[in-house]
Amino acid sequence: MSGEIELIGTFTSEEECAAAIEGLHKAHVHDFNVFSPFMSEKINEAVDEVRQWGRSPVRKFVLAGGFTGAFTGLILTVGTSWEWNIIAGGRPIAAIAPYIVIIFELMILFGVLSAVSSFFITSRLPAFESAPGYRTRFGADKFGLVARVAESDVSKVEAMLRDAGAEEVARAAA
Amino acid sequence: MSAKQPASLGAAAVRPIHEPVRLNWGRLTSISFLLVALGVIGVVFGLASGHAQRVWSSWLVNWLYFTGIAEGGVVCSAAFYLTQARWAGTTQYRLAEAWWRFLPLAFVLFLGVFIGRNQLFPWIAHPNPKQAMWLNVPFFFARDYLALAIVTLVASWFISASSSREAEEWHSRPETIEMPPKAVRRLAPTIGILFAVVWTLFAFDLISSLSPRWHSTLFGWWYFAGVFWSNIVAMAFTAVLLRHRLPEGNVLDRGKVRHDLGKMIFAFSIFWMYLSFAQYIVIWYGDIPSETFFIIARCWHHPWMFLSWMAPFLMWVVPFFTFLGVKPKKTPIILGTVALLGLVGVWDLNYVLVVPSLSPNKLPLGWIELCVTAGFLGAFLLCATPGLKLLANVAAADATGGER
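Protein sequence lines correspond, in order, to chains W and C. Sequential numbering of the first sequence, starting at 1, is according to my numbering. Sequential numbering of the second sequence, starting at 175, is according to my numbering.
Because the hints were derived from the structure by calculation, they are not lab data. Check each hint, because a few of them may be wrong.
[Said to hold, decoys possible] Below, in silico cross-link-like pairs of lysine to aspartate or glutamate (EDC-like), each with a Cα-Cα straight-line distance of 20 Å or less:
#1 C/Lys501 - W/Glu49
#2 W/Lys142 - W/Glu16
#3 W/Lys142 - W/Glu45
#4 W/Lys156 - W/Glu6
#5 W/Lys26 - W/Glu105
#6 W/Lys42 - W/Glu4
#7 W/Lys42 - W/Glu16
#8 C/Lys430 - W/Glu151
#9 W/Lys142 - W/Glu14
#10 C/Lys430 - W/Glu45
#11 W/Lys42 - W/Glu22
#12 W/Lys42 - C/Glu349
#13 C/Lys501 - W/Asp48
#14 C/Lys356 - C/Glu342
#15 W/Lys142 - W/Glu168
#16 C/Lys356 - C/Glu340
#17 C/Lys504 - W/Glu14
#18 C/Lys501 - W/Glu151
#19 C/Lys501 - W/Glu22
#20 C/Lys430 - C/Glu340
Okay, chain W solo, but in the shape it has when bound (with noise of 0.2 Å):
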């Protein structure tokens, strides 16, 4: 978008970049993304609470995939059993407590698949091209923190960004 520039913050620290969140919240830059080595509470928290984005989608998924499962559990074991009518040991034909294991195993498999099949979906993977500002040092041992901000704010957003604590900021046409 014209007029618009990308400012790049290179983090050592999650507590550093944490903030630098928060930081753009309190400017009101909410078009960022956040590159982390691995898994932060800390980052996620501060971008759940400049985004609100909630609770996951994914949950929804698991939900709907361990019923599914339990249902089909459940259609399996009694729809064959009906089908061949076999009496054993004087039970009735559908017994429900040892289809139970059944459908319980169906119903944990269904979730999982759901919420691997889930996770990728909502998280737009795989992708093939490398979000705008990506740097690999981002996948290794530094937080990566890309902004786009009017051009107008660009120097008050740089200097929110290495107070926060950023060890380096680039710029970039966005």
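Dock chain C against the given chain W, drawing on the hints supplied.
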């Protein structure tokens, strides 16, 4: 570390306490003595009115229940040491150890089981030659008393090691990766192994042998998993009750600590239910009358059906569905209610495991059972008071910071 947090939770917890928390422990002591008196009256009048079996069966139920909570607490503290738990500083250790003093008294109270043996154990009046080698009075009480003595001695040794200077120093450095003191390291796994062995023995001797024809290999394991859980709900209930009475910001008043207690209730409730199903499915598959009658008499026959289904409802259905989310675990009233219902559930479980074997067609639940239970509760509270005082001081010692 943020400025609001203390340098160390553990350091705060073992910091010399200049002003101990002033709570009205006198009222608790008075109530406890009243309950004990009620228990004594119940036992005396019960025996005098010719209800010896009701008195002693109720005695056994309560002995199993309260001894289980006390021993479960020691095991829980040992488990905390083994996992180097730091989630509530020193508080969770003192919370689990609060009622260990009931164990020496349980040793004395076990005498009631010996006195009431003729009313409790059918194999005394009708011995089975095939089982006589294991089920005979001298060997039975000798091994159970020996097991109880070992458990009590090792528990007191462990508690002494857990309160030692070295242990306090270890607690004061939560950031260290050092192992707990050597004595604690040696005793903690011993406590765990002893718990599994001794409570399996108690399950077979004091519950299974009431129906000597019944067999279930998993019964011991399933039973001690429930005993362990009973202490966890007791811990959560105590934490919720004490939080209001301690200075603001005390460790027990932290949402994070309640969340952790809720997670423990949730996890071990699932484990208990898993073992329940594992035991049930084997009996269901085998369909052997000598195995199924124990469950049928309780779960499908009047008057035991309601109480028998109530136990898994209170011990699994309620905690599982209530504690699926984070918020209910952190909400004191919900955590306290679920914990209290869990405590009722475990008592009910002990009741339906013991009493139907002695009274299959009649539900003996009246003033005798109420009085005996009250007596045991009073004795338990009296024994727990010193531990609760220590817990209150430790939990209140850090009233200024910490993660909420």
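To see whether the hints hold, each was checked on the structure:
{"no.": "1", "hint": "C/Lys501 - W/Glu49", "verdict": "holds (19 Å)"}
{"no.": "2", "hint": "W/Lys142 - W/Glu16", "verdict": "holds (11 Å)"}
{"no.": "3", "hint": "W/Lys142 - W/Glu45", "verdict": "holds (18 Å)"}
{"no.": "4", "hint": "W/Lys156 - W/Glu6", "verdict": "holds (13 Å)"}
{"no.": "5", "hint": "W/Lys26 - W/Glu105", "verdict": "violated (48 Å)"}
{"no.": "6", "hint": "W/Lys42 - W/Glu4", "verdict": "violated (28 Å)"}
{"no.": "7", "hint": "W/Lys42 - W/Glu16", "verdict": "holds (10 Å)"}
{"no.": "8", "hint": "C/Lys430 - W/Glu151", "verdict": "violated (44 Å)"}
{"no.": "9", "hint": "W/Lys142 - W/Glu14", "verdict": "holds (9 Å)"}
{"no.": "10", "hint": "C/Lys430 - W/Glu45", "verdict": "holds (16 Å)"}
{"no.": "11", "hint": "W/Lys42 - W/Glu22", "verdict": "holds (11 Å)"}
{"no.": "12", "hint": "W/Lys42 - C/Glu349", "verdict": "holds (19 Å)"}
{"no.": "13", "hint": "C/Lys501 - W/Asp48", "verdict": "holds (18 Å)"}
{"no.": "14", "hint": "C/Lys356 - C/Glu342", "verdict": "holds (13 Å)"}
{"no.": "15", "hint": "W/Lys142 - W/Glu168", "verdict": "holds (11 Å)"}
{"no.": "16", "hint": "C/Lys356 - C/Glu340", "verdict": "holds (9 Å)"}
{"no.": "17", "hint": "C/Lys504 - W/Glu14", "verdict": "violated (27 Å)"}
{"no.": "18", "hint": "C/Lys501 - W/Glu151", "verdict": "violated (44 Å)"}
{"no.": "19", "hint": "C/Lys501 - W/Glu22", "verdict": "violated (26 Å)"}
{"no.": "20", "hint": "C/Lys430 - C/Glu340", "verdict": "violated (27 Å)"}
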